[in-house]
Every structure is written in structure tokens, then in C-alpha cells.
Amino acid sequence: MTITRREFAIGASGVLLGSVAAPFVRRAGAADSTIRIGVVNSMSGGLAAYAQEGQPAFEYIIKKINAEGGIKSKGGAKIELVQADDTSQPARTATEARRLITEEKVQLLTGTILSAQMLALTPVLDELKMPTLSVWAGGARSNYMFTLGYPYDRGYAQTMHDFVVFLRDAEKFNIKTAVMGYSNYEAGQQVNKFLHEKLKASGIEIIGEAPLDIKAQDQTSAMVRIRSLKPDVVVGLVTPRDGILLHQARYNLNYHGSIFCGGTGGYSDLSLWKDLGPEIGKAVLTKNLFGMTGFSAGAKIDSMQKIITELRDVAKLDRIGQGAIQYAQAGRVLQQVLETSASLERDALLDAFKKVNIPFGDPNLYVAKPKGLQFAEDRLLVDGSAMFIQWLPDQQQQVVFPKEFAQSAPRPRA
Amino acid sequence: MRQEFYKTLTSPVWLVILVLAVVLPPLLPSYYLHIVILALVYVALASAWNIVGGMAGQISLAHSLFIGTGAMLSTALLLKLGVNMWLGLVISAIISGVMGAMIAWIDFRFQLGHLSFVLITMAFAEMGTVIVEGWDFLGGASGLLLPQDKGDFLAFQFGGGIGAFWVMLVLAIVSILINVAILNAPLGYYLRTIRDNENAARAIGVNILRYKIAAMVISAMLSSVIGTAYVRYLTFADPYLLVSPIIIIEVVLFATVGGLGRAYGPAFGALLLVPLGEILRGKLGGTLPGLHYFIYGVVVIAVILMSPRGLLPLFEKWFSRMRPKAATSK
Amino acid sequence: MLEVDHLVTGYGGVPVLHDVSLTLNAGEIVGLLGANNAGKTTLINSLSGMYAPMSGRIRFEGHDVTAMTPKQRVEIGIIQVPEGRLVFPDMSVRENLLLGGINARARAHRPRTMDHVLELFPRLKERLGQNAGTLSGGEQQMLAIGRALMAEAKLLMLDEPSLGLSPLFVQYIFGIIDRLHAEGLSILLIEQNLNLTLRHAQRCYVLERGKVAIEGASDVVKDDPRTRRAYLGL
Amino acid sequence: MAEFLQALAQGLLIGSTYGLLALGMGLVYGVSGVVNFSHGDFISLGMFLCLALYSAFALDPYISLVITVPLMTVIGGLVYWYLLRPMVGHQFLMVVQLTLGLSLVLQNGILMVFGGQPARTPSVVESKLLILGDVVVRVPHVIAFVVSFAMAIGLYIMLRSTDFGRSIRAVHQNAHSAALMGIDVSRVQTLTFALGIGILAIAAALLLPGTPIQPAQGLRYTVITLIVVALGGMTNFVGIMLGGLIIGLSEAYGTIYLSDTLGMLLPYGIFVLIMLFRPQGLTWSSSR
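Residue numbers (the numbering used here), protein chains in the order written: chain S, 1 to 414; chain Y, 1 to 330; chain B, 1 to 234; chain G, 1 to 288.
Bear in mind the hints are in silico, worked out from the structure with no lab data behind them.
When the alpha-carbon atoms are kept at most 25 Å apart in a straight line, the in silico SDA-like pairs for lysine to any residue are as follows:
1) S:316 / G:118
2) G:128 / S:395
3) S:105 / Y:279
4) S:72 / S:358
5) Y:80 / G:262
6) G:128 / S:392
7) S:287 / G:122
8) S:274 / G:124
9) B:71 / G:78
10) B:222 / B:202
11) S:215 / S:255
12) S:105 / S:345
13) S:215 / G:265
14) S:215 / G:112
15) S:63 / S:346
Pulled out of the complex, with its shape left as it was, chain S reads as follows (with noise of 0.2 Å):
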């Protein structure tokens, strides 16, 4: 060891000084004219992809925002991010949301905040009573946490439910059994609750279900449990490495004896293609496969189609899936919570988010909402749908579900 026993103990006597002064040194408070934001994202550890996609699509939205005059009703002041990591545990995003508040002075919060992430950080925004915003979670247990995420009901349940209605009812395909086909972790598990139930009551017989172990590094016995209950479709919450091996186990068995659908991520993320390789992509995706999505690229909605080009063109990003897109959506409802609040104070704050409304139509909607976004009573969105789309063979996606923004039928099965 190069480090002697001194300097280590100079080093350590530092670390413990610091950690006992540092409560005691005040910060200098932040000049007026900046508006502080923390951000508790998972960049590192197990969920890190979410947050590492997201994060530069965020970012890049704030500059913007920032260099086109900041929060104008605030005088023109500008938006300053602190950022925090949580190592994808939960209980260390309560920790850094803590740090964030009581240290860090932020006057809001927000973040992926996965589903147990959102439970974690109830009992700390209860208690500080912080204005939240997650990107991500299915539901919102605190009165302060509001949420981009599709409502495991009302979203993901409601629009895979609705989506295989249509297909059977509308398009005459013939689906008359499921599998439930998800990532077994809290939000598939929960969204597959909800939609088991919706599936029996629209006369759907279950037949299976085929949770996928979100550790394995293959899923080609999953498949082969499908493939030996050969169900009409299979349908479920699925992320996006998952996604991955669920198409690569498909490819592999040439399964193509159900339809899949299903997503978001597993089943229309842009990077599904490359992920797989151009010919599994072509093999799999192109075939009896519907993917779940809030954005595609092929969607005919012009704001939508226009914060694509510029985050691939002027940002430079080089991963724009849904995850970016979700983050842009985010930067603008803060950017509005902000503009329309009444001062930088938690009341003011949270009843602009009660507030919130970017209509269809207006250049700041990034996702796809029929009624435009706005939050409901559970602090979700009231319009909590998503489309479902097809691949083409040249790696471009179209829309077929809902009607509003559909392209085109859906594809026969093959």
C-alpha cells in the first residue's frame, strides 16, 4: 500500500470531522433570481437505464427553457438543477429526496421515481410536504407527489385491455384465450392484477401466466411455457431488457403461434431494433407483435414529431426512446407549474399542479393524450392512455391504436 497509516488517519479524521461539522455549516442561500430543482434519479445500479436515457433529454429541455428567458412570471429566473443518485434503492431515494429538501433548499422535486421509489418517498414528502413530480410511477401515494407515469389501472391495465378488445371485436382477430406475459417486479405485478380482471370480464379465458424473472439472462424457457399453452395472445407489462430476451427467446423457438403484445418498453422502445440486431429484429418484431407506447415516432402529432428531430439533431442525443421523451414532457409541466404559480411557495406550487393543462395541440404536449394532459383528482394523469404500434420492416413504427392517431389497421396475423 502506497498510503501510509498517517495519511490515512488524516484522511479519516476528515471524513468524520466533515460529517459531524457539515450540519453546522449553512450554505449561502441561493440568489433570488434561481429557482432550485432537485432531481433524485437512479443513475447508477440495477435501474440505472431509465434515468440514463431520461436525464440528458431533461436536461436539455431545462437549458432551453433557461436560455429562452426562464420562468417569465418569476422575473426571468432561472431554473438550477441539483442532482442526486439513488443506487436504485428505494429507501436511498427517501435519503437523497431528505438531503434534497432539508439540505439542498430545493423548492421542488422530481425524478424517475420508479413505483417503489413513489412509496418510499411518501412518508418524506408527508413530512416536508414537497411539490413532486416522478416521471415515471404508476400511482401516487403522497398528496405531494404528482405523475407523468401511465396509472397501472386506468393506463396500462385499461389501454392492453382495450387495445385486445379492439383487435378481437373490431378487427375480427380471433382471440378468445391470454397468457399473462410480464416482468415480475412491482408495477408488472401490479398492472397484471388489474388487467387479468379486465380480461375475464370482457369474456377473455386466461389461461396461464408466464412472469418473466427480471434477473435471468434468458428467457427461452418462458417462451417454451407460452409456446406449450399456445394462448391466442399474450399480454403484459414487459421493460425493456426484458423485452429484449422475451423477442430473442421468440426468434430463437420461431414462436409465432400467439400475438404479443403489450410494453411499453419491451415491446416498442426505438432501441428494441438495434438491442436485437437488425435480423432478429426483422424476424420478430414485424410479426403478430403490438407494442404499448406513449410516443412513436410515426405518430401524426406535429409537437410530438418536432421534439424528436430536435433532441436527435440539436441535443445530439443518441437514445431517444420513451424515456426521453417522458423527461422533455416533464421539463414543460414544470416549466408550466412554475409560469402559472402564484409565488415559489408549497401551497402555490401544489395548486399549480392541481392546475396543469397542455391541451392537444399545444407545442409543448410531447406524449400521445387524446384529451391533452392534465392531473386528476390522484395526482395521476386523467387521460392515462397510450397507443400501440406496429414495426415495419425498415425499423419504422405505426400507429393503429387509438383511432384518433392511427396510421394504419393493424397487421393480420401471420
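Fit chains Y, B and G to the given chain S structure using the hints.
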């Protein structure tokens, strides 16, 4: 030997701790109070683990089951069946104790070697994770959210913050004192004999099964109780934390780096490493992703290379060098 | 051939050998006697380089070897047959012998030395493919000596070669020792069996609590009343 | 029946790669008693090195081996010499903690360089399939299967018929005695550790085609490896390959026929039972 224990009980250090405990928390900002509470949780857990891992030399990775039972079961009993959490704490502790006794019995019955014991307890822990994540009663993968802590003591609520601080302080001290008591009692002597040479212990007629079970049950029940108190403080019963390999890996790390088998070693490790990890993440978490963990890992490696017997022995050596008289009187 | 000057060795800062000096001339058998814990095995392991001495020096064939590693000492021909044989149990007799000759100096001539060893120990030849762990104690001792010969020993150090063997085997092993001596090998012999050692060695050293208590020709040592006392550790 | 056969093929192929992952750990445990908790992160490192070589020079992972194997071997040697060797003679658990620290460093070092997105490394064989009646298998898996067994046999022969191999076994069976034979024990331990990590570089490349990789995956690989090594009796290569197959098969059959929680419990349950009733591992002879 008992004398040693009473000497510890009447030590003036307690007065200092009491004064600090009364004066400091109200002055600490909430984030730093939180770090102190976290450190105390891990002091308590590492000390509880030390009873088997350090003294008996049984490196159990199954402790996440006990912590998890204390946390998830008591929460589920309250939310699903309306069982008071105090009662839930007792039920969980008893179940943990039974599981601990079974593991100790398996260890004895099948004469597991050190490494087999590590790996089998690891497999038990993994199985526990899978079961909890697939069992709706315990909340499945989503976990369970406790009602807000309103400070109703009879409902096992301590009002968060300073209340939680006191609960954790008491648990940490109890956990350490149990360590001191065992080390100075015949049980501690037998455990060390078993650890150092199980065959010799058998040859001189030590009832190995009895002491192994005793150590494991005490440690398991203690871990379970700490788990219940911890989840009350967290409010969110998260299976990915409380029943996962993550928590047990951390507990073993703190205990080992602090000084295994010593009464204060594990506590020392947790007191140093928990704040270090939190502060590194706080300061560096917003920069390059992974950097804070990277540095933490480097520090862990450096510390181990510098003091392969644990930090506490190293500090004692420094201390005795500074005060040679204290060393000679020992 | 071997000169040990004022050697002090110990573990963890506590000396076990205090100021031990001894010499061994080329072609000699020297006996090393003493009660349990007198420091015999520590001494032999110091000579093999397993412990770094706290002070003193060791010379071999005129060169200072004090700072040499065990490997280097093997390469210059200081070979130990350890107490309890310590053959490699899960390897065949042949593999054990090959390992004996693994050092840089001996490696090239392994086929030749192997023939020599097998001629010396015909029993090993019969058991060549058998795992060493399945051999009897006496056979293991043969293997341990054979393994050391494979290393082309110049100085052979035997630690308790008769331990746990039947009288018949003890006789056989000492016959071999005499034969090796006749072939010109220098031998340092540690033995519990006092009479046997005194009979085969030309000179003896008696260790007592890490110090040389008595030294001299075997006859002299034999008659010294202190020998029995030291030996019994009284 | 088709399911049964497909599961059999799947289990055997995946299981053989588990065996390959475990060979290196068994080797290292045998000569130095180190249980390396950063094992899985070294696999990650091997995979990300292949990714880097693909990004920079468009190298196929199978070709990258020419570079990654020597590189990882050297890294392994340095790690043993500077980090693990000083710990010889200290508490087993402390060494484990050191490798855990190393795991943090590796995992987050990879994260800092490559980011946390799942990444794919293309290979010419990644989409090739082999169709045998009802059973379809992926060519990369078949390659991995063949190489795994070839490696196991190669190592077995190396250990039996070379001086280096015999030195490794000598150190494993009795380090003191080996030193008395003039074997430099530290050097053998270092080289063995280096070799163990070098083997991982091969395993990494074989597993890579079609596997999305992430920096956080290491612990999963470590756990599987530990289980397989333990099933094999820690140092027995035949047992280790057998252990890999058992875990692979129980995963495949568990997922297909039991699904859900019960299916995921199956490999652990089988592991515990085998460990209790055959603590010495799967093979009968104690030799290796």
C-alpha cells in the same frame, strides 16, 4: 467475568452518550439526524449478527430472512389483519427465532463446514426473497406502505425523527450490551471454543447444538425486532431492501471491517462506514454516476489492506501507542 | 558444508530459537535431538527458508543463504523431508516423484533420477500409478525420501523419519539412510528415537528450549547425563 | 414431449456455461482458498471489454478473445499480487469483504465508462439457429457448450500432465509441502488466479452474443457461480460441470413446468438438498 459486564454497565461513558443523545438530535438538521438513525440501525444489526457471525464463527447470510420477517410480517399483520404492531413484533421475533433454531439445527445435524454454511444460508436468503416477492399477503414485489407515523406509542409509532432516534439508540445499545454480556458469560466462552475448534469442543463435552441454537435464536430474534423498528421508521416495507442480499451484505461488511467477534467492533464499523457511504453519495451522487460507489469501494479495500484484523484493533493499537501506560496496565 | 551462526528465529516477534549455532561437514550424518517443543522443527524449517531469521546467518557450501527463499534453497540442494511425510495424497506416486524434481536444477534429469529412486525403493515401483494417500505409512516415508532425492539433494534433512512406523520399516528406512550416506550424501537427522540416532549419526546436537545444550560426537553425547534429561524435557 | 426435449437442450446448454463460469472460481479456491465475490463483475468486465473492442474496431466477440484473454489474465495477476496476496493468513471473511469492495469498484468503474443502458455486442453467429426436429437451439449456445467442455477437459489434462498443473495441485493439497519442493507458492497462486480470470474472459465472450449487458449484473453471476462451484465440491472440475448442468436444467424445467415462485425456488431447493446430503459435492472420488 460477570464483573466485566457490570463494569461496562456503570461506565461513565453512558453519561456522555445520554447527554449527547439528549442535546444533539434537536440541533441536527433532519438529513443528518436521518444518517445518525441509519447508522444506529446498522450498529444494532451488525452487533446482532456478530453473535453468530463473529463469536460462533457461523457466517450466516440468512439474517436477511430475520430482518425481513421482522419488517414485512409485522407490517402485513397490521395492514391485512389489523394486528397491533407490538404484537406483530413479538410474533415476527418468535417466528424468526424458530427459523434461526432450525438453521442452527440443520448446521449441527448435517455437520456443515464453514463454507457450506455460508452457501446454504445464502440459498435460504435467496429463497426468502423469491417467496416474499411472490406472496401477495406480504405485499409481493411492490411491498407495503405503513400508515403515517403519528407518534402513537401504543400503536408502535414514535413520531419519526427524534422518536425513531431514541428507539434505534436503545436497540443499538441493547444489541451491544447483549454482545458484552455473552462475551463475559459461559455462552461466549463456549461459542469461541466451538468457533476455534469444533472437534475439540465436542471432545471436552460442550453441548454444541445447545449453544449454536442459543446464539442463533438470540441473534435472529434481535435482528427481527430491529427489522420491525426499522420498517416503522422507513414506513415503506420494501422487499428489495429488507429481504434482499443487499442488507445482509452491508451488515456483514460493517461487522467484519469493524472487528469481528469483538463487542464493539461491528458497531465501530457501522458508525464509520454508514456515514461515509451516505456523505460520499450526497456529495458525489450528482456528478459522474457510479463515482461515489467507486470511491467507497476503494476506501473499503484500502481499509482492509491496512488493517486486516478490523478497524477496532487498529485503533486500539494507535490509542495504546499514544498512551503507553494504558497499554501496560491492560 | 552447512554452518549456522547464532541463529534466532521466532513467530510474531517472539523468539523460539535462541542463538543456535551448528555445523555439518560434507558427507556427514548429524543428529538433532531434543524433547517436543525444543525447536527442532523450527530449526529445520529455518534452514529450508520457511521462516526469515530474526538474526544470525546460515552458510551453505561457503555461500550465505540467509536471505534466500525456500525455492532458491531447494535449487542449491538443501532438501527437507518433512515431519509426517506430507506427500500429496491425491496424486499418484509417479506425480509425487515428478514434483520432487520440479526445481530448475533437477528438472532436466528427472527420468534418470527417477530410475535411481525406483531402484532404491522397489516398493514404489509397484505402486507407481497409485494415489499416495492410499499408501501405508512406511511406503509414504519411502515416497517422501524418494521425492527429496528427485530434487537432487546435496543436504538431506529428515524430520522424524521413524515416526509411527513399525520396527521393521524403521530398520528398512535407516538402512536406506546408511546407504545414501555411503553414496556421499550429507544428512541432517531429526529423530525421537534417541538410540537409533546415536547409532547412525557421527555427531549430535541436543536442543533444549531453543538452545543448543550439548554437542559432540555421538559417543560423547550418549554418555553425557544431561542428554537423557534434556531429552525427557525435565 | 417437445417441451421436455426443448427444456433439456436449454438446460444443458445454459448449464454448461454456468459450469464454465465456475471453473475459474474452483481453480482459485483450490490453491488459495479465496472465495471471490467480484467473480461476476470480472465476467462483466470481460463482456464490456468485448463491447469496447466492437465499438472501436468492430471486432466480433469471438475475435476479441485474442485481446481480452491476455488482458484479463494480466489484470487477474495484478489483482492477486497486490490485493489478495497480502491477505494470506487473514480471516476468510475479511478476504471476502475485500473482494466485495473490488466488486463495487469494478461495477461502478464500468458504469462510469459505459453508462447504464443495456448494451448489445453483435456477432456473426448471434442469430444463427440449429434445428434438430422439435428442438431449436442457438448456435452461440452450442459453441459455448462445446468450448465449455473442451475447456474443462483441457484444464483437467493441464492439471494432470504439466509441471504447472502439478504445481497447482500440489499447492492445493499441501502448500507447505509444495514450498519444500521448491515451488513458489505465491507465484503459483497468482498465476492460478490470473488463469481463473483469463478463463472468465472466454466465458464472457461465449455468453455475450444475444445477451444485453448491464454494469449491475455481476452479483447475479457471482451467486450462480458460487452455487455451481459448491455443488461440484469446490475444486472438482467434473463435479463443477455437472453442478452447472443441474442448475441449468432445474432453471429450465422450473420455469416451464412450475412457472412463478415455485419455479424460481427449484434451483435453490435442489442446491440445499444436495449440499445437505452430499456436502462433499457431486462426484464420488475426492481426487481431481
